[in-house]
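Work out the full structure, taking the sequences as your base and the hints as a guide.
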Amino acid sequence: MGTPIKDVVISDSAPKSLLLDKHADYIAAYGSKKDDYEYIMTEFLRMSGMYWGLTAMDLMSQLERMNKDEVIEFIQQCQHECGGFGASIGHDPHLLYTLSAVQILTLYDSQQSVNIDKIVEYITSLQQDDGSFYGDKWGEVDTRFSFCAVACLALINQLDTINVDKAVQFVLSCMNFDGGFGCRPGSESHSGQIYCCVGMLAIVGRLHLINTDMLGWWLCERQLPSGGLNGRPEKLPDVCYSWWVLSSLKIIGKLHWINKDKLVKFILACQDDETGGFADRPGDMVDPFHTLFGLAGLSLLGDESIKQVNPVFCMPEEVIRRAGIKMDLL
Amino acid sequence: MHGRVKVKTTAEQQEAKRKEREKKLKIYTAATEKIFEKRKNKEYDEEALKITGEILAVNSDFSTFWNYRKEIFLNMTENKPENEMIEIFKGELQFLESCLRTNPKSYGVWNHRCFIMETMPKPDWKKELELCNLFLEYDERNFHCWDYRRFVVKKANISPEEELEFTTNKICNNFSNFSSWHYRSKLLPLIYPDENSTIGVEENILIKEYETVQNAFFTDPDDQSAWFYHRWLLGRGKIKTGVNCMLIDRTYQMLMINTTQPVMISPSTCEIDVLLNGERVEGTWRTHKQQTDVYSSIWIFKSTEDESWIPMHEDAEVAMAVVGEDWGSSDSVQINSTQTVAWNLTHEEQGLRFRDELSAATTDTLQRELDSIQELYELEPENKWVLLTIVSLMKALNPKQYANDIEIFLSKLITIDSSRINYYWDLRSKCLIENYLEELDFSTRVISLQNQNISCLVHPELFSMVVKIDLSNNKLDSVKGFSCFQCAVDIHVDGNQIKDLEELSFLHGLKLLSIKDNNISSLESLQPLGKTSILKLYLFGNPVVENIDELEVKKIIPSLHNFDGHMM
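Protein sequences, first through last, are from chains U and Z. According to the numbering used here, the first sequence is numbered sequentially starting from 1. According to the numbering used here, the second sequence is numbered sequentially starting from 1.
Honestly, the hints are just simulated from the structure, not real lab data. No experiment lies behind these values; they were computed from the predicted model shown. A portion of the hints provided could be inaccurate.
Unchecked claim - Short derived list, chain Z residues pointing at chain U, Cβ under 7 Å:
id, residue
1, 4
2, 182
3, 262
4, 266
5, 270
6, 422
7, 425
The C-beta atom is built at its ideal place from N, Cα and C for all residues, glycine as well.
Written out as structure tokens, the structure is:
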């Protein structure tokens with residue numbers, strides 16, 4: 001009973017060089033086709049979609065091609081009375097989109113264009129007695145929301161408004177036998193969730209609580225023979241998981257535990273050389289989400305044609321510096 | 001968008017698809033507009049359920065519409081009789097099940113199901129457990145379903161014992177089931193808790209688990225789930241926070257402590273009282289990197305009252321007492337009139353530093369494990385999991401005795417698992433350094449680890465009291481961790497691949513740095529040395545030396561007297 005390794009094969013015809021101009025054109029065009037089927041069907045996550053696209057453009061030094069005023073106006077219209085942001089106008093507020101909104105505002109150095117005090121009020125109202133965070137008033141708890149809350153507050157320099165020690169305790173209660181983290185206490189480790197928890201601990205200066213030997217080993221074992229990384233054992237490789245695993249490794253100082261050249265080759269192979277953009281795997285349909293994480297991954301791997309990315313916030317390092325955020329990575 | 005293969009289509013097909021999508025969009029947009037309109041008008045009726053249902057069936061992550069549905073259910077519950085509501089709720093559960101069949105990994109659907117089950121009268125939790133069983137049959141790795149199962153188990157008061165049995169059955173069906181192994185790791189400490197054991201589970205149970213997991217990897221040695229689980233079983237217990245070393249230095253008028261775990265010393269979290277000959281001294285604590293309000297294993301105390309608070313030429317006693325924390329009670333150091341430095345190495349009484357003391361029963365089990373996995377190695381000489389597990393077992397049993405074997409197995413891993421070469425190099429370095437430190441007489445204050453192919457420095461905080469450090473001819477590519485060398489006077493790191501000197505700026509007592517034959521490529525890289533009072537620098541054999549101007553070097557490092565053997 002042998003276990004076959006799930007993986008992909010990269011064909012010889014797959015792209016081998018970075019097609020920056022195509023990606024910039026792809027993202028720029030994506031936002032302008034507002035009556036497109038895909039565009040309308042993804043309205044429920046518009047704010048995050050904009051964060052992915054705009055950050056990708058900024059990493060490619062082409063943010064000026066996007067319409068800043070239109071973006072800011074849209075964000076303003078998405079803020080609710082409670083302080084939180086919805087994914088789109090008229091959509092309910094949620095921490096996920098509140099973080100995306102604050103990230104975009106920080107990219108544009110325009111935090112003052114919305115009500116910051118209200119954002120703080122919203123986030124603090126969602127922290128629970130056990131330190132966890134609700135995603136919105138309906139009460140779903142998830143370590144993703146712990147990251148959203150802490151990242152958001154760090155970006156607006158208001159971390160001291162929540163109970164950080166309790167927030168840390170909750171995240172630690174989601175730590176597992178493999179050194180990773182899951183959604184809630186008891187949940188299985190998953191690299192997206194690990195990124196959130198490791199990032200959260202990095203922001204609040206508690207990285208020493210991580211078992212880096214154990215977690216680093218589990219993370220570097222995500223690399224498959226194709227070079228791509230999967231999100232959990234026995235799963236297929238994916239560009240977005242490549243980012244989450246890679247950034248987590250970077251934060252805990254173990255980036256060198258994977259084979260960088262092979263991963264670069266995998267990420268490049270996920271580009272679409274006709275339309276621009278990155279897909280989850282070679283030969284699949286592209287989207288802005290994987291395009292951002294493809295570019296961010298290449299940046300962490302040292303591609304100098306892309307701006308240096310911050311592994312915790314997935315935003316350009318220069319933006320994080322401008323926002324005055326200091327973090328000690330391991 | 002995940003797993004959607006791009007298909008080549010003709011212009012004709014594309015046009016047909018465009019038309020079809022246009023039609024769909026019209027319906028979709030009309031429906032969403034209507035929903036927003038109805039919600040604005042606070043209409044909580046069957047029609048609203050119907051239209052939101054149509055949208056959510058195709059777009060299950062549209063959270064705003066799930067929220068509207070929640071509002072509808074809350075409103076209806078207030079206005080309809082219970083019998084009628086039970087039927088409506090049942091209908092909702094059916095609807096959700098159909099959504100799960102098309103999209104079993106939707107956060108929105110699972111979350112809404114939790115809400116419905118918690119809101120409806122007389123929820124049938126047993127039936128929910130059956131639903132979990134069903135969806136775990138379709139996909140035994142669906143973590144949404146596992147999480148929902150844990151939610152149901154809590155509500156239905158199902159015992160951890162029953163759940164453990166469930167995982168046993170799942171694993172017997174298919175060893176390659178990471179989710180089930182994971183669940184076991186959560187259940188065992190609940191059922192058989194033992195705070196004193198390494199992983200919080202009673203020893204006899206732990207020993208049984210070794211057997212279970214061994215069955216798994218003997219059946220399928222390529223399946224990583226069991227190997228990860230095995231590594232957990234071998235894990236170390238919690239390390240108690242305490243003081244490793246306490247040192248006072250008259251020259252720098254400092255008290256330095258090195259703790260077994262990073263701690264934060266600050267007025268708001270944990271305070272440490274410092275007493276000189278029984279009298280309290282006011283002062284500040286900073287880390288070796290001059291930081292405050294962070295967690296660190298090295299802290300340095302200086303008096304704010306008196307710059308020379310440790311008196312010269314007389315006997316003295318410096319004592320410290322931790323206030324308001326459960327770690328390290330109190331320690332003290334005596335310094336006599338002739339000493340410039342004195343220390344107290346509390347860790348020397350604490351036994352093994354890098355591994356746990358094993359009981360006879362566990363030692364016996366691990367030894368038998370090692371023997372049988374070595375048999376497996378005979379059959380599977382190229383299996384990396386087998387090799388690495390042998391290393392882990394040897395490390396847990398007796399790293400010193402097995403040092404040579406560990407070296408051989410790690411070298412083999414480096415050749416067969418090309419993606420993770422640096423992981424194995426670092427693990428090898430860890431073994432070497434730990435073995436070295438375990439035997440080191442710290443009071444010599446000398447560390448000498450040359451020609452060992454060390455790729456990274458582990459436990460640098462234990463080097464904090466060392467004066468002379470020689471790490472020449474290794475594979476280090478940075479000085480990461482070197483800021484811990486707070487007492488260092490001489491550092492030799494010739495023949496490595498070091499590119500930057502960043503952390504050296506914190507070494508106030510550094511007098512000599514020999515960094516010949518490394519990768520220092522620019523004058524700017526020398527800047528951190530400008531913050532030290534270094535006298536001698538050996539830089540020969542670095543790219544930067546090719547056309548270096550000694551005056552420029554002197555400008556960057558004003559304290560320098562001797563550069564590459566020349567007086568300056």
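The hints, checked one at a time:
no. : hint : in the structure
1   : 4    : 4 Å, holds
2   : 182  : 5 Å, holds
3   : 262  : 4 Å, holds
4   : 266  : 12 Å, violated
5   : 270  : 12 Å, violated
6   : 422  : 5 Å, holds
7   : 425  : 9 Å, violated
In this structure, the earlier hints numbered 4, 5 and 7 are contradicted, and the remaining ones agree with it.
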